[in-house]
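There are 2 protein chains.
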Amino acid sequence: MKVALAQLNYIIGDFEGNRQKIIDSVKRAKSQHADLVVFAELAISGYPPRDFLEFDDFVQRCNDSIYDIATYTDGIGVIIGLPTFNPPGKGKKLRNSAAFLCNGEVESFFHKTLLPNYDVFDEYRYFEPNNNFEVLEYKGKKIAVTVCEDMWNVDEHYQYVITPLDEISKLHPDFIVNISASPFNYYQPVIRKKVLRANIQRYGLPMVYVNHVGAQTELLFDGNSQVMNSNGDSLLELKYFEEDFGVVDMDSAEPTKDHSLPGKIESIAKALEMGVQNYFSKLGFKKAIIGLSGGIDSAVTAVVAANALGKENVYVVLLPSQFSSNHSVSDAEKLAQNLGLTYDTIPIKDIYQSFEQTLKPFFQDLPFGLAEENIQARARGVVLMALSNKFGHVLLNTSNKSEAAVGYGTLYGDMNGGLSVLGDVYKSDVFAMAEYINQKEEIIPRNIISKPPSAELRPEQKDSDSLPDYEKLDAVLYQYIEEQQGPREIIQEGYEKDLVEKILRMVNVTEYKRHQTPPILRVSPKAFGMGRRMPIVAKYLA
Amino acid sequence: MKVALAQLNYIIGDFEGNRQKIIDSVKRAKSQHADLVVFAELAISGYPPRDFLEFDDFVQRCNDSIYDIATYTDGIGVIIGLPTFNPPGKGKKLRNSAAFLCNGEVESFFHKTLLPNYDVFDEYRYFEPNNNFEVLEYKGKKIAVTVCEDMWNVDEHYQYVITPLDEISKLHPDFIVNISASPFNYYQPVIRKKVLRANIQRYGLPMVYVNHVGAQTELLFDGNSQVMNSNGDSLLELKYFEEDFGVVDMDSAEPTKDHSLPGKIESIAKALEMGVQNYFSKLGFKKAIIGLSGGIDSAVTAVVAANALGKENVYVVLLPSQFSSNHSVSDAEKLAQNLGLTYDTIPIKDIYQSFEQTLKPFFQDLPFGLAEENIQARARGVVLMALSNKFGHVLLNTSNKSEAAVGYGTLYGDMNGGLSVLGDVYKSDVFAMAEYINQKEEIIPRNIISKPPSAELRPEQKDSDSLPDYEKLDAVLYQYIEEQQGPREIIQEGYEKDLVEKILRMVNVTEYKRHQTPPILRVSPKAFGMGRRMPIVAKYLA
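For the record, the sequence lines run as chains A and B. The first sequence maps to residues 20 to 561 in the numbering used here. The second sequence maps to residues 20 to 561 in the numbering used here.
Keep in mind the hints are simulated off the structure, nothing from the lab. A couple of the hints might just be wrong.
Each pair may be met inside one copy or between any two copies, as identical chains are not told apart.
[Claimed, not checked] The calculated DSSO-like cross-link candidates involving lysine-lysine, where the alpha carbons are at most 27 angstroms apart (straight line), are: (1) Lys-368 <-> Lys-283; (2) Lys-305 <-> Lys-40; (3) Lys-368 <-> Lys-379; (4) Lys-368 <-> Lys-49; (5) Lys-109 <-> Lys-189; (6) Lys-289 <-> Lys-40; (7) Lys-289 <-> Lys-459; (8) Lys-112 <-> Lys-545; (9) Lys-161 <-> Lys-49.
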C-alpha cells in the first residue's frame with residue numbers, strides 16, 4: 020500500500036484556506052498513485068481551535084468541509100482530523116475524530132480515546148472520549164487509526180487507565196496510523212521517536228505518523244511526520260519546521276537512517292523564527308518594531324525577527340535615557356548596522372522630565388526609586404506603541420524567561436508587545452543563542468554578549484544588584500518551573516535554602532505580572548502562558 | 020443527627036491560616052453539640068489551587084493538614100475537602116476528595132466522580148475520576164458523600180455518561196452531603212436551588228450543601244450553604260457573600276422559607292465589593308488608586324471600591340487632557356466629594372506635548388489619529404502606575420465588558436490595573452448599577468449618567484462614532500459570548516446581518532488585547548479570562 024503524508028501549516032478557522040490546501044495535497048497524492056493520504060489531527064479546523072469548538076456553527080463548518088473534500092477522493096483514501104458532533108445524551112457534545120473519506124464518500128469515523136488535558140492541552144474541555152475500538156478495512160489491509168495521545172500511554176508517559184492500542188491490536192491490524200497535533204519543545208523530537216518505537220516494539224506493527232507544522236500563536240509545531248516499519252526503522256521522514264509531503268510504499272520501501280536530530284539551541288532558534296514569521300503572516304502583518312537597548316535580549320530578538328521577516332521588515336528604535344551608557348547606544352547601533360536594519364534613536368529624556376515635573380507636587384519629595392525607574396521603561400513603551408500604532412508595525416517583546424519568572428521587568432513598559440519572542444528562553448540560553456548566531460561572523464557585537472546585564476534605569480545599575488547570578492537562578496527556576504519540584508525537593512538537591520526560598524517567592528508573587536504579558540512562543544516543556552496556570556492571589560511560598 | 024455547616028473564606032495555599040479557621044469551626048460545632056460538621060470542597064487548599072496541584076509538596080501539605088485537624092475531632096465527625104494522591108498506575112496523580120475525620124482519626128475518603136472541565140473549571144487537568152461508590156456509615160446513618168459536580172448531572176446540565184447519585188442511592192443512604200466550590204454568577208443562586216431540589220426529587224433524600232464564600236482573584240463564591248429536607252423545604256440557609264456557620268437537627272428541624280433571592284444588579288454589586296475587598300486583604304494591600312474620567316465606568320468603580328475598602332483607602336486622580344470637557348472635570352470632582360474621597364487633578368497636557376515633540380520628527384507629518392489618542396490614554400496609565408508604585412496603592416481598572424469585548428480601550432493605557440472591577444459588566448448593566456447606587460441619594464452626579472459616553476481623546480468624540488448603540492451592542496454580545504450563538508443563529512434571531520458581522524469581527528480581532536488585561540471579577544455565566552479561551556491568531560469570523 021502506498022501512503023502519502025501531508026504535513027501542512029493550517030490557519031485556525033480558515034475553512035476555505037485549509038480546505039484548499041488539503042484538496043491540493045489529495046490531488047498531489049493521487050498524481051503519485053498513493054492509495055491513501057494522511058493529514059493531521061483537527062486539520063480541518065486548525066489546532067488548537069480552543070473555545071471556537073463551543074460554537075455549533077464552527078463545528079458544522081468543519082463537517083461541511085469534509086463532505087466537500089470527499090468529492091475529490093475518487094480512487095484514493097483520505098484520513099483526516101476534525102471535530103464531530105457526539106449524539107445527545109452520550110456525554111460531551113463533541114468528539115475529536117479521524118474521518119476516512121473514499122470514492123466521493125465520507126466512509127467512517129474513528130474517535131480519540133485519550134484526551135490530553137495537561138500543560139497546554141484542554142481537550143477534555145470539549146470532547147467525549149471514545150470507548151469503542153475498530154479498525155479501518157481498506158484495500159485488503161486493516162489499519163489501526165489513532166489520534167495523537169492515543170499512542171502516548173507508554174513508558175514514563177503512562178497516565179491513563181486505558182491503552183487504546185492494546186484494544187485495537189486485538190483486531191489484528193496491519194499497521195498503525197496516528198494523526199497528531201504534537202507541539203514542539205526542545206525535547207520533543209527525541210521523545211517522539213522514542214514513543215513511536217515504544218509502540219512499534221509493543222505491537223510489532225509499522226507506524227504512519229502525521230503531525231502539524233507551523234505556529235498557532237504560542238504553540239509551535241515542528242512537523243517531522245514519519246513512517247517506520249515494524250522493526251522501528253525509518254522508511255520516510257518529513258522535514259522539521261516546514262511544510263512537506265512524501266509518499267512511501269509500506270510493503271517495499273527500504274529502511275533509511277533517521278534524520279539527524281536538531282540540537283537544543285539550533286532548534287529553539289528555528290522554532291522562534293517560524294513562530295514570528297507565522298504570527299505575522301497569519302495575521303496579515305509585515306513589519307515589526309523592536310526597542311533596542313544595547314543588551315543581549317533585544318539583540319537576539321532583532322536577529323530572530325530579521326531572519327523571520329526579512330531585514331527590510333524590522334524597524335529598531337534606540338531609546339536612551341540619562342542613565343543609558345554610551346556603549347549601550349553604540350553597541351545597539353553596531354548591531355542594527357550589522358543586520359542592515361533601519362533604526363532611529365529617540366532619547367526619552369524630555370518625556371521623562373515632563374513626567375517628573377508633572378508628578379513632583381504629588382511625589383512628596385520621596386527619594387528616587389522604583390516609580391522613577393518604571394517611568395523610564397513605560398515612557399519607552401509608550402513611544403514604541405505610538406510608532407506601532409502610527410505605522411501598523413507589531414511591537415515585539417524582548418523579555419527572557421528568567422526575567423519573566425522573577426518579575427524583573429516593568430508592566431506596561433518593557434513587558435509590552437504583541438508577541439514575546441524569548442519569553443520561554445532562559446537568560447543562559449539567550450547567551451547560547453547569541454553565540455550560535457555569531458558562529459560564522461560577529462553579527463551581535465561581542466560587547467553586548469560580554470558586558471554584565473543591566474536595565475540601566477538608575478546610575479550603575481546591574482541585574483546582579485537585584486537578582487542571583489543567572490546560572491544559579493536559571494538552575495533553580497528550571498527545577499521549579501519545568502520539573503515542578505517543590506522547595507523541599509530543590510533544597511535537597513543541594514541548592515541553598517535562602518536562595519531557593521527567595522527565588523520561589525519572587526516567582527509566586529509576580530504571577531500578576533505574567534497574567535498581563537503577551538503570548539510567549541513556547542519552546543520548553545513548560546512555558547509561561549496557557550500551559551502554566553497559577554493563582555494570582557495565594558499564600559503558598561509567597 | 021445534628022449537622023453543622025461551616026461556610027468559610029479560605030486563602031489558596033495558606034495551610035496554617037486555613038487549618039486554624041477549620042479547627043475553630045470544629046470547636047464551635049462541638050460546643051453546639053453537633054454530631055457532624057461539614058466544610059467545602061478543597062477547603063484545606065482553597066479553591067482553585069490550579070497548578071499548585073502539580074507540586075507534590077503542595078498536596079503533601081494538604082494531607083499533613085487533615086491529620087492535624089483530625090486530632091480535634093474527639094466526639095465529632097468532620098467532612099472536608101482536599102486533594103489526595105491516587106495510587107500510581109491508576110491514572111492521573113490526584114483525586115479530588117472528601118475526607119471523613121472522627122475521634123482523632125482520618126477514617127475514610129470519598130472521591131469526586133464528575134470533574135468539571137468547562138468554563139473556568141480545569142479539574143480533569145489534575146484529578147482521576149472516581150468509579151467506586153460507597154456510603155459513609157456514622158452514628159446509625161448512611162450518608163451519601165458527594166463533591167460538587169457529582170450532583171449536577173441533572174436536567175439541562177446533563178453532560179456526563181455517569182450519574183454518581185444513581186449509583187450511591189442503591190446503597191440506601193439516609194441523606195446526601197455535597198461539598199462544593201460553586202462560583203457565583205448572577206443566575207447561580209436560582210440554578211443552585213433548582214439543582215438541589217432536582218436531586219431531592221429524584222432520590223427522595225434530604226440534602227446538606229456546603230459552599231465556599233469569598234473571592235479567589237476572579238472567581239467569586241457567594242456561599243449560600245443550605246440544608247433541605249426530603250420534601251425540598253429549607254431547614255437551614257447560610258448567608259450570601261459572608262462567612263457563616265449554622266447547626267441543624269436533621270431529624271427535628273422545622274421547615275423555613277427560602278431566603279429571598281438577591282436581584283441581578285444588587286447581587287453583582289455585592290459580589291464586586293467582596294471581590295475587591297478580598298483581593299486587597301488576601302494580598303495584604305490597603306489602598307486603591309483609580310483614574311476618574313468623569314464617565315460612568317470610573318464613577319461606578321469608585322463607588323464599589325469605596326464600599327469595599329472604605330473611603331479613606333480610595334485615592335482618585337483626575338487626568339484631564341486638552342480634549343477633556345469642563346463637565347468631565349467638575350462631574351468627577353463632585354463624585355469624589357460625594358464619596359468623601361481624596362482626589363488630585365493632574366493634567367497630562369505637558370506630558371502629551373513632550374511625547375508629541377519627541378515623536379514629531381518620526382511621525383512624518385501624518386495626521387492626528389489613533390496613535391495620538393492612545394498616547395493620551397497611555398500617559399494617564401503611566402501617571403497612575405507611577406503613583407501606584409510610589410505609594411503602594413493598587414490601580415483598579417475601570418473598563419466595562421462591552422468595551423473589553425470590542426477592544427474599545429487602549430492597551431497599556433486605560434486597560435491597565437491590578438484588577439478589573441467592571442470587566443464582566445456590560446455597559447447597560449453599568450448604567451443599571453449607577454441607578455442602583457443612586458437609589459437613596461444622588462451619589463453619582465446625574466450628569467455622569469445622562470451624558471453620552473465619550474473617551475474624550477479627540478475633539479467632540481463620542482463612543483457612538485465607533486460603536487453601535489450600547490443596547491444593541493450588548494444584546495448581540497450577550498448572544499455571542501454568554502449564549503455561544505454563532506453568526507447564523509444570531510442573525511436568525513432578527514439582528515441585522517451587517518451589525519452582527521461587524522460586532523463579531525470586532526470581538527474576534529481583539530483577542531490579543533484581552534490576552535493582556537488584568538484579571539476580571541466574574542459575575543456572569545461567561546466572563547473574559549480563564550473561562551473563555553480563544554485563539555489569538557485565527558480567521559474564523561475575523
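Find the hints from earlier in the document that the structure breaks and name them by number, from lowest to highest. 1, 4
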